[in-house]
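Undergrad: Single-letter residue listing:
There are 4 protein chains.
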Amino acid sequence: MTSMISTSVIEAENESRKEALKRDYEGLGERLSRRGIDIESIKRKVAAYGVAVPSWGVGTGGTRFARFPGPGEPRNIYDKLEDCGVIHQLTRATPSVSLHIPWDTVSDLSALKEKGTALGLSFDAMNSNTFSDAPGQAHSYKFGSLTHTDAATRRQAVEHNLECIEIGKALGSKALTVWIGDGSNFPGQSNFTRAFERYLDSMKQVYAALPDDWRVFTEHKMYEPAFYSTVVQDWGTNYLIAQELGPKAFCLVDLGHHAPNVNIEMIVARLIQFRKLGGFHFNDSKYGDDDLDTGSIDPYRLFLVFNELVDAETRGAKGFDPAHMLDQSHNVTDPIESLMTSATEVCRAYVQALIVDREALDGYQQENDALMASETLKLAFRTDVEPILAMARLEAGGAIAPVATYRASGYRTKVAVERPAVAGGGGGIV
Amino acid sequence: MTSMISTSVIEAENESRKEALKRDYEGLGERLSRRGIDIESIKRKVAAYGVAVPSWGVGTGGTRFARFPGPGEPRNIYDKLEDCGVIHQLTRATPSVSLHIPWDTVSDLSALKEKGTALGLSFDAMNSNTFSDAPGQAHSYKFGSLTHTDAATRRQAVEHNLECIEIGKALGSKALTVWIGDGSNFPGQSNFTRAFERYLDSMKQVYAALPDDWRVFTEHKMYEPAFYSTVVQDWGTNYLIAQELGPKAFCLVDLGHHAPNVNIEMIVARLIQFRKLGGFHFNDSKYGDDDLDTGSIDPYRLFLVFNELVDAETRGAKGFDPAHMLDQSHNVTDPIESLMTSATEVCRAYVQALIVDREALDGYQQENDALMASETLKLAFRTDVEPILAMARLEAGGAIAPVATYRASGYRTKVAVERPAVAGGGGGIV
Amino acid sequence: MTSMISTSVIEAENESRKEALKRDYEGLGERLSRRGIDIESIKRKVAAYGVAVPSWGVGTGGTRFARFPGPGEPRNIYDKLEDCGVIHQLTRATPSVSLHIPWDTVSDLSALKEKGTALGLSFDAMNSNTFSDAPGQAHSYKFGSLTHTDAATRRQAVEHNLECIEIGKALGSKALTVWIGDGSNFPGQSNFTRAFERYLDSMKQVYAALPDDWRVFTEHKMYEPAFYSTVVQDWGTNYLIAQELGPKAFCLVDLGHHAPNVNIEMIVARLIQFRKLGGFHFNDSKYGDDDLDTGSIDPYRLFLVFNELVDAETRGAKGFDPAHMLDQSHNVTDPIESLMTSATEVCRAYVQALIVDREALDGYQQENDALMASETLKLAFRTDVEPILAMARLEAGGAIAPVATYRASGYRTKVAVERPAVAGGGGGIV
Amino acid sequence: MTSMISTSVIEAENESRKEALKRDYEGLGERLSRRGIDIESIKRKVAAYGVAVPSWGVGTGGTRFARFPGPGEPRNIYDKLEDCGVIHQLTRATPSVSLHIPWDTVSDLSALKEKGTALGLSFDAMNSNTFSDAPGQAHSYKFGSLTHTDAATRRQAVEHNLECIEIGKALGSKALTVWIGDGSNFPGQSNFTRAFERYLDSMKQVYAALPDDWRVFTEHKMYEPAFYSTVVQDWGTNYLIAQELGPKAFCLVDLGHHAPNVNIEMIVARLIQFRKLGGFHFNDSKYGDDDLDTGSIDPYRLFLVFNELVDAETRGAKGFDPAHMLDQSHNVTDPIESLMTSATEVCRAYVQALIVDREALDGYQQENDALMASETLKLAFRTDVEPILAMARLEAGGAIAPVATYRASGYRTKVAVERPAVAGGGGGIV
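Chains as they are written, first to last, in the UniProt record's numbering: chain G, 1 to 430; chain Z, 1 to 430; chain X, 1 to 430; chain P, 1 to 430.
Quick caveat, the hints were computed from the structure, so don't treat them as lab data. Because the structure is a prediction, the values reported are computed rather than measured. Errors might be hidden in some of the hints.
One copy or any two copies: either way a pair holds, since identical chains are not told apart in the list.
[Said to hold, decoys possible] Once the Cα atoms are required to be at most 30 Å apart in a straight line, the calculated DSS-like pairs of lysine-lysine come out as:
(1) Lys45 / Lys174
(2) Lys18 / Lys204
(3) Lys414 / Lys43
(4) Lys18 / Lys43
(5) Lys43 / Lys142
(6) Lys414 / Lys142
(7) Lys414 / Lys113
(8) Lys276 / Lys248
(9) Lys169 / Lys414
(10) Lys115 / Lys174
(11) Lys43 / Lys22
This is chain G alone, in the form it adopts within the complex (with noise of 0.2 Å):
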């Protein structure tokens, strides 16, 4: 296994933290066990879970205004790769990748997943673009891809997915992400139902190329790029996609793709109890696709998706198995240092989901006592479940400190040496 960051480096690191850490996490088991939990297991659940990392959130961000690089930017996959595996190191909660094409695009794909390997890594869903035009292209996607009036472009859509499938083929993937900002920006532009129609023609084709052992992803999203409407708007849409295509097809919950005041635990409910939920994109937001670190605005937000999650877990859900990935825009820190404090977020939320006491949640609410049963979810939220993350990366290898051991470890200057800096500019608007 190559190590990115030193395993001294790390040591060290934890040797100081460590009796620290010790005793918090007595005091905690402590405190739990008059609750009546566990901490040994639920330390080995949050152990055994893990988040994946999206290949271009290790680049530094930006908005249609402007984009601000950072010193190091990783120049390829290759590059993109040993950042994640340095997330995954430190952490141990980031096991795998997800790819976009064609910014991931390699022409050896053997020696892509090897490197995935030597790193610890392995490549979770495929991510195709059809919202941007790549050099060369012969039909533009200006006015939509698989949506498109035009059924030439609508078919280099759908053979840029089976693309991503094979490719995906190769890397040990087992499913394919579809994000699309097909859409209209003047009512009129588009009608809505044809747009529709030839959507659910063309991803049809994209189903049918799938592997037995793959599942579809679709995603959805209220505005941006398109401003006016957007084909596969809300999780309405997204279902009776899911609906249409059929068994393998499932809905991507992006936790920054709603209106808002949206209830978006409610839905992730719904979609468990009619068997389509797919998986997560994780962040947060404020306003709109704001693609902020995850638990950083709302974290109580973020607990409450995972008390559905582990609820559902609880009672056996079936069709029950979401993907977990971190999609995010790091436009003003160092991108690992986001993607790991916000790996360290999705456990933390998971946790306190675990050490809710079900059992009294259940009973206040048949006895309609709001007041208690609120009280049962925050007792769990408030409770400070570092020191089981912290003893669960320090047991895997990992960093009790991430974000303290990484800086300790010099990665950025290092590789700011060896890849050259990248200009900033304007966005899309100039």
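With chain G held as given, fit chains Z, X and P onto it using these hints.
TA: The following block gives chains Z, X and P in isolation, referenced to the frame of chain G:
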């Protein structure tokens, strides 16, 4: 036929406006004929159109803070029917009334039906009420009705709906509209999945009691009266309901029940495409379920909804037969005036949608000529079609100027004498 | 001092929890001391903190659709004070009550004051009511109060506020809170500018009657009960008011009165900076002015508000002295339980903000280390400070577990016998 | 005067439409005269009206996901001016252009000014850019510009604004518009108060450099590119800025920069009342700062804004002299067509507001006749005033049908030959 307003008043009012109307109608006819549109055929279509009036709409509405009644508030369903008779007499656009049980409960249903017939009114969809407790009710709906955790409460709510069907059968209604306020105010208070299972179970019992020629309309709403989660929160859940229940179950769209910024016309298109659009509750809103007068805040949005309806009508969409009803809360106006004006706005949007050049629009959509597609809609929207609406009313015996004619009739003053003044008061908060 | 709950009940309940609390408090003390924080000084600060309770909050609230009262609803301000006495006795965090006139009008003010004193309660800001009509009122507020186009109606509203001041003087209050529902439901109904001129003119008359040591708090709200425009719609308008009125005029921030997605903590910061923050109405919301229990929906947002308050306190911001009050509608819980829990949440957010490492935060802000700045806040937020809150209550004679103790006391059952059951009913819509 | 479009093309196109226009104008004149309105005086007012065009608006816009350029993209400010010349030639409504520095930087300012004069264009407000990094810039704006924690960066941003003033002086501009993207993506990243203190300090330096006859317009925006907080986030903060800076400082209102559901026309009224309305960036939006074509989504809202402007004009509001500018992103249309159409929509809203019967409206407002007040506005809004707009264009030498005439001219094809094709590409995210 009982005329609530003396025809001589109507004739006198019309007389003073007839000449100008004739000139305006001719001028508009000429302009439309230049676009290849026959004004007469448009007029015939809108003359054949009707929108139902809600019985509760003729009383002054209020908020949780207060209700400020006006003079001559209707005391019972008979008074309400007379007010509805006025609206239809002057607008010729509201031939049916939608009842609300138990608010409109009477002992003698055949007398009620006769009263309607005498006023030229038929009975539209029946509305059940399980969002408030009626005096003497065995089980409270404080914590839910069709989804309550207690089986007896659910049974009571089911039976109330069955009773509504029975009343409707006696009155000639052909549909039941079910809106419930069930939901929760705290995370944890309700288990989303179990609540929805209970909902489906209850509604299947209601559905089973539907006569063969009836339809059931379920209505979604994002929030209020429940402020954290609502069981039937959006069109996605509403679609699942209609699908689970069967071919007589359809989704009702209230224009004010959506999340901020949602593209409502697109939801309409999706429901049409999947043959589950049951109908509308028309009103307008700026913030939430404001229940403002239809078309008073965003008339272009109303037009865009009708654009979808006419598009479906034009291409002969299968299973397309939506019910149209106003549903508003008149807090600061004379409810009769608001309902007349709103019925006119609905007709206006319908006519504007009828004069869209659909062939040209199709072409622009096919060529992705977004600007001309938008202009095609806006050309229709900005056409002042009032002469068509007024001429249709005049020819059907209604008023060219309904509000002015109503005011000239002195109807409100007259009923204020007969109907005792009602005390206002605080709303639900005290 | 009149004790509403027997101290023996409190002691018995505390006894069973004392040992665990002691251990948890010590453990937390150790963890905080590692961060350089003295737990005792934090505890002293929160022990000295208090949040006012609204008299109307102890009755069950409702919506425009219905109100579902619970057992033992308070019949008058004396009953309400006793309920408030329970809240303060168990939480030791709510030493004052805010009255609402005319709801709390009594003939003998000195008897009322004595009752408060006996219960250990003082009187916080007075609240006037010109958003509903009181029986026998000469002029209706249907179309406005302080901004009504009719001078006599405005005068009546002004005089009501003057009366509130007089009552407050007799009770020892030092502030008047003015919230009005004035606005419009239709574009055109109201001239924005003239309505605001009338508002300022009316409020100047109220301001002129303020005693020297009083403050007036004006409260903004985006919408409801008016659904197109509201005269005091946002903090911008509220600031203009405070500026126009003078140095005793300040802005009140209700956490639920803002547009979707608005950054409330930033508004708080601006008002502090320009010395016009008067205080808060604490509650929580997901959609609009939901008036849910404080901290029940988005506890991190509450923390971020307190982060601004502690920041201002720490740097000695000039003119900084905000009033703290709960303002919630308890529709599905026992109001006493909700208010105890909410007072605790306010204290929790305060303590979490107190333990933010402000020196480190300053450094990260200066260096634009966004990730570590965020982590600094989150470290404080995820610290479970319940042992501090519980210890402060215990030491002040309150309950370690207020809700459990309250339930054990049988208070609600007892008052349900004395206070007759109240009928529920529809809200403002019928 | 340089004519970008051959006058013979314009004349030929007008010829085919002149007869119908004459009839329509006469018919409308008759209808308006029945309402006591003289169509000629309305036409004169709109003929004298102009709205500025942004230089960056004639290039195809994009999103953070992609930009899809069209044929004949302008290569520099000279090309842009020619495109603006086309817009003004055909619409006669856009006599000035607003520049953006450094995008429009040239070495020879007098040549640029001459070019404008030759095209009949003057120079409107100057726009500075400190939201993206220009090549070679000493200090990056990644973490802010006028509010950066680093003094040298702030100084650089101030100096850029001073340079914009200098350029503007040479071109005859009389105003500077300052919009910054400064803010934060994480709670804690920025200290709200200190950042705003730095903002005021920087802007005071800019203000000090304003010539006596200049104004500075500051522009607020709720979010984007910063996604947690923005320094100048709303009109409240914007008002504080204008007040702190002095009498030459005013607030700019961009129609797309507000929170969901906000009543923008009311903000306009408040700023007029307090003499701080600087002007507008017109566009339309459904979700956020969508920068869609003016009037394409909610034309009634645009009318309501103009209703406030005409109201202020009519009553002679003191200090009322707002600047009018379009600010849109044309992602899927020919920018020239969008800008011509949008300029027409602005003129349309102005004319509709001019024909509101203000005397009647005043009366209805005074009597609280909400329904007739609303109808008074809607009567004006639904009047099809296109004949007035077209006649004004025709008489000023413009086109009756600007888009059709533009297409007939072949301008885009011609410049596509001269201007090399531009590659599209991903936006800020890659």
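Undergrad: Now look at each hint and say whether the structure bears it out.
TA: Hint by hint, here is what the structure shows:
For the homomeric pair Lys45 and Lys174, the shortest alpha-carbon distance inside one copy (23 Å) is at most 30 Å, but the shortest distance between copies (55 Å) is not. Taking CA atoms no more than 30 Å apart as the test, Lys18 paired with Lys204 passes in neither setting, with 54 Å inside one copy and 52 Å between copies. Taking the shortest alpha-carbon separations for Lys414 and Lys43, neither the intra-copy value of 34 Å nor the inter-copy value of 46 Å comes in at or below 30 Å. In this assembly of identical chains, Lys18 and Lys43 lie within 30 Å of each other by CA distance both inside one copy and across copies; the values are 16 Å within and 29 Å between.
In this homomeric assembly, Lys43 and Lys142 never come within 30 Å of each other (Cα to Cα): the closest approach is 49 Å inside a single copy and 39 Å across copies. Proximity of Lys414 to Lys142 under the C-alpha cut-off of 30 Å is restricted to the inter-copy arrangement: shortest distance 22 Å between copies versus 40 Å within a copy. When the C-alpha separation of Lys414 and Lys113 is checked against a cutoff of 30 Å, the pair qualifies only within one copy, where the shortest distance is 24 Å, while the shortest distance between copies is 51 Å. Taking the closest pair of Cα atoms, Lys276 and Lys248 come within 30 Å of each other both inside a single copy (9 Å) and across two copies (25 Å).
Neither within a single protomer nor between protomers do Lys169 and Lys414 lie at most 30 Å apart by alpha-carbon distance, with minima of 34 Å and 49 Å respectively. Taking identical chains as interchangeable, the C-alpha atoms of Lys115 and Lys174 lie at most 30 Å apart only when both belong to the same chain, with a minimum of 18 Å there against 60 Å between chains. Taking the shortest Cα distances, Lys43 and Lys22 sit within 30 Å of each other both inside one copy (14 Å) and across copies (26 Å).
The structure does not agree with the numbered hints 2, 3, 5, 9 stated previously, though it agrees with the rest.
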